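> Chain Z is already provided as a structure; the job is to place chain L on it using the hints.
Number of protein chains: 2
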Amino acid sequence: MSSHHSLLTDHCRAKSVKNTHQHSLEFLFHPSSVALVGITTTNPWHWTRTFLDALIESEFDRPLYLVNPKGGEIKGHKVHTSLKDVPGNIDHVIGLVNAHTAARLVEECAEKGVRAVHFCTAGFSETGEDERIRLESQLVEVARRTGIRIIGPNCMGIYCPQSRLSFTPSFPKERGPVGFISQSGGNSIYLVRQAALRGVRFSKVISYGNACDIDETDLLEYLTNDADTRVICLYIEGVKDGRRFRRALEEATKEKTVILLKGGTTEGGARAVAGHTAALAGSRSTWDALCKQLGIISVCNLDEMVDVLVTLLFLPLPRGRNAVLFGAGGGASVLIADEFENRGLRVPALPKEIIAQIQEFTPAAGNILRNPVDYSQNMMDAESTSKTFDILARWEGTDFVVTFIRTGQFVLPWLSESRMNMLVGRFGVKQGHFPKPVAMVLEPSILPQEAEAILAAIRECISSGLPVYYSFAAAANAINLVLSHAKKRSETA
Amino acid sequence: MSSHHSLLTDHCRAKSVKNTHQHSLEFLFHPSSVALVGITTTNPWHWTRTFLDALIESEFDRPLYLVNPKGGEIKGHKVHTSLKDVPGNIDHVIGLVNAHTAARLVEECAEKGVRAVHFCTAGFSETGEDERIRLESQLVEVARRTGIRIIGPNCMGIYCPQSRLSFTPSFPKERGPVGFISQSGGNSIYLVRQAALRGVRFSKVISYGNACDIDETDLLEYLTNDADTRVICLYIEGVKDGRRFRRALEEATKEKTVILLKGGTTEGGARAVAGHTAALAGSRSTWDALCKQLGIISVCNLDEMVDVLVTLLFLPLPRGRNAVLFGAGGGASVLIADEFENRGLRVPALPKEIIAQIQEFTPAAGNILRNPVDYSQNMMDAESTSKTFDILARWEGTDFVVTFIRTGQFVLPWLSESRMNMLVGRFGVKQGHFPKPVAMVLEPSILPQEAEAILAAIRECISSGLPVYYSFAAAANAINLVLSHAKKRSETA
Chain Z
364 MSSHHSLLTD HCRAKSVKNT HQHSLEFLFH PSSVALVGIT TTNPWHWTRT FLDALIESEF
424 DRPLYLVNPK GGEIKGHKVH TSLKDVPGNI DHVIGLVNAH TAARLVEECA EKGVRAVHFC
484 TAGFSETGED ERIRLESQLV EVARRTGIRI IGPNCMGIYC PQSRLSFTPS FPKERGPVGF
544 ISQSGGNSIY LVRQAALRGV RFSKVISYGN ACDIDETDLL EYLTNDADTR VICLYIEGVK
604 DGRRFRRALE EATKEKTVIL LKGGTTEGGA RAVAGHTAAL AGSRSTWDAL CKQLGIISVC
664 NLDEMVDVLV TLLFLPLPRG RNAVLFGAGG GASVLIADEF ENRGLRVPAL PKEIIAQIQE
724 FTPAAGNILR NPVDYSQNMM DAESTSKTFD ILARWEGTDF VVTFIRTGQF VLPWLSESRM
784 NMLVGRFGVK QGHFPKPVAM VLEPSILPQE AEAILAAIRE CISSGLPVYY SFAAAANAIN
844 LVLSHAKKRS ETA
Chain L
364 MSSHHSLLTD HCRAKSVKNT HQHSLEFLFH PSSVALVGIT TTNPWHWTRT FLDALIESEF
424 DRPLYLVNPK GGEIKGHKVH TSLKDVPGNI DHVIGLVNAH TAARLVEECA EKGVRAVHFC
484 TAGFSETGED ERIRLESQLV EVARRTGIRI IGPNCMGIYC PQSRLSFTPS FPKERGPVGF
544 ISQSGGNSIY LVRQAALRGV RFSKVISYGN ACDIDETDLL EYLTNDADTR VICLYIEGVK
604 DGRRFRRALE EATKEKTVIL LKGGTTEGGA RAVAGHTAAL AGSRSTWDAL CKQLGIISVC
664 NLDEMVDVLV TLLFLPLPRG RNAVLFGAGG GASVLIADEF ENRGLRVPAL PKEIIAQIQE
724 FTPAAGNILR NPVDYSQNMM DAESTSKTFD ILARWEGTDF VVTFIRTGQF VLPWLSESRM
784 NMLVGRFGVK QGHFPKPVAM VLEPSILPQE AEAILAAIRE CISSGLPVYY SFAAAANAIN
844 LVLSHAKKRS ETA
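Protein sequence lines, in the order shown, are assigned to chains Z and L.
Counting from 1 along the first sequence, just add 363 to a position and that's the residue number in the working numbering.
Counting from 1 along the second sequence, just add 363 to a position and that's the residue number in the working numbering.
One chain only, chain Z, in its complex shape (with noise of 0.2 Å):
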């Protein structure tokens, strides 16, 4: 395969330079102007127009134009009946036209000198179509010929909040160190809305579907070189060269994080991933495998992604596996004491000395003064509840203290904003503050009378530097994972 022979070649070269020069992908997160072409100027529901709403909140600053033959206007923006209309250069396009004419749309961006063009259009190879596999076919061989580079087709493209490019109204316009490259547009979506809900930012974000020319590879590459990406997050459904794969996943794995969610592990999961972006998925063993020998986080979900990322960035390592437990409700103690240790966390026994020490200000009706530390009758006494908690991060058998708040079992009035402040005041202190690391489990309502205060409490956590989780089992299952990726890393280092 040429293609990819040719893309190696550049690779190479980019990293052996890497250090003096940038990636050779480096233009596709900076273009100097976007077109959006095939955008429909009638519906404003239609998806061709999220593109154009997600680049006016991100509040892209350099030229955007909108091209579709019937011309017009949009939310102020004139329509061009065509790409050669543009008056401007432009440096990259968003193809929102059908799958037969993309072939075209390429044909027409090299003669405006287009360097890459980010194809949204479904209905190629995935369908398993042998006309749409051949349309799919075309669009690599003009890529190839005019040298343009292709994103997709079947994608949402690049959110690289830098350059205020996006694909999706709400993400977060501040930058963070996760990069993330993800097969599947609604994965994408799917991690960084809700990561960016638990302070997570992204630096570079890639939604690449079929993978047609720019694959996984090249795009693992890049973020290995990128300096801004500390983390990298990977949603896979197959790839298109396993052995560069491998390789690349061996220099990503030295120098950054790498968290995989694998789909298409199963039968079923496989099929889908065929008519998903047409890829071919791979064992589940391979895969295991892959990740247990190169110190991968592998994980089997995407909110299990979120989980580990919030870990990684906001919990400081812990020096090991001793937790705390530190919130209200027996019931609620037992029960997160066995997620922690189901998960080969430890939930040690307080020494008598240390139980002494806050037993001298602590009655003992109602609250249970073991670890779990269930301080239900006192949480809301600032002075006592503080001191106590103190005492609890200084004692030498605490790796880390984890705050466990679960507002399901509490009701209105109970939950108001108020008391919620007067909650989170005790314990969402910045990250720090206690010379052990802490964690806060905070449960999230569903009911609108509620979610606003909790949501409220949430934010304040998450503002003072801690990891947030949903459930006493995410939290354990996170830390977890973290934790064995450290002493896996340690051990081979």
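Please keep in mind that the hints were generated in silico from the structure rather than gathered at the bench.
Misleading hints may appear alongside valid ones.
No copy labels: a pair is met if it fits in one copy or bridges any two.
[To be verified] Here are the simulated DMTMM-like pairs of lysine to aspartate or glutamate, each with C-alpha atoms no more than 25 Å apart in a straight line:
hint, residue 1, residue 2
1, 447, 744
2, 799, 630
3, 715, 493
4, 850, 630
Model, not experiment: these values are computed from the prediction.
Relative to the frame of chain Z, chain L by itself:
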């Protein structure tokens, strides 16, 4: 232990005549009057006030008395200065006094003809302190001598919608088929609240705490004999008499479906159990073996218990494990297929003739006509969506259909109320409308601006009799547990 011996005798009697007479504990659930003794008159936020708030909200319609030496009035209810000053008869006392005066209160209750006292009060054997263990023994001694039955101490008591008994505001007023015996008060509140949001209603819920008199076995025998209870949920930390409990479980599983969450299966969890209800937790393998042998559905946490409940109550038992998954999103399709097949459910390929039928009216681009069916582009079109859904449900290869709406990958204004209504209108038809059982995965949102529309959609589905799950994993897990349970029951029947 003579106290246990006398209980045993009681129950043997009750059981031998269960079809003609009421169970000996029936009276607990239908008190002719209730007194709250020790309710605080000053602080409306005090925990003792929860019980009054709950009984007012549940419209408890028999005499309700408040007692506190300080006298006065709360919310229009006179506060009597002592139990003997209450003019009427008192049947049931909710004891909110401190542990040191608990035994004395039982003596006073005897003089007043009270039949049962529920002590919410904590600070007894669960503290591990000798003096407080002695306080609990005294309580048992007085109870045995006076013939008064004790619930607790250290628990929330009884919720019985039929007689309008309740221990937490916001519990549903309607009755249902689920009984719940919970050693933890917090866990009982959590379970009822979360299950109620998903459409589950209860016959009787008993939070029984330290179980100094009435214990888990008494309550299990009661629910086994209770005609209003079809499903029995158990949250157990430890049992007083293992053999007796096992016999009761055997009887229970003959008559009802039993779901068990065992708290304290780890070392840390068992220590928490000791501190919470002073129970001995027992090894995990023992409990696993017991569940397997008796055909009990064993769950790992309370959310899983809710998922199993909605499956048992709202998903007509599928005749097999073949799922058709129908929703929006290619990446979502891959992930949900993996979740289902990883739990032993099957996501079979659609035969060509079924695909051809759907293709007649569905465009290829953006939709994936496999299984899962990704109907992204057509989901908002009522006619083709309904037609496709019908074809899938009628296909002989389908045992049940699961619709998935992953709101987390959409954003406002896509998640507006009108759009959610439209979406749900396609599938939220009454259970039984389609020839196969239908389930719904519908993610709630924690964002207040989205929560309302999504919650309305969830409620619409619930009122159509659909089981609603909050995640792919939750649906797959619960449906697998229920199918496995049904298979085991049919094999041993």
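> Run every hint past the structure and note whether it holds.
Against the structure, the hints:
Proximity of residue 447 to residue 744 under the C-alpha cut-off of 25 Å is found in neither arrangement, the shortest distances being 70 Å within a copy and 36 Å between copies. In this assembly of identical chains, the alpha carbons of residue 799 and residue 630 lie at most 25 Å apart only when taken from different copies (23 Å versus 45 Å within one copy). Taking the shortest Cα distances, residue 715 and residue 493 sit within 25 Å of each other only across copies (16 Å), while inside one copy they are farther apart (74 Å). Taking the shortest Cα distances, residue 850 and residue 630 sit within 25 Å of each other only across copies (23 Å), while inside one copy they are farther apart (33 Å).
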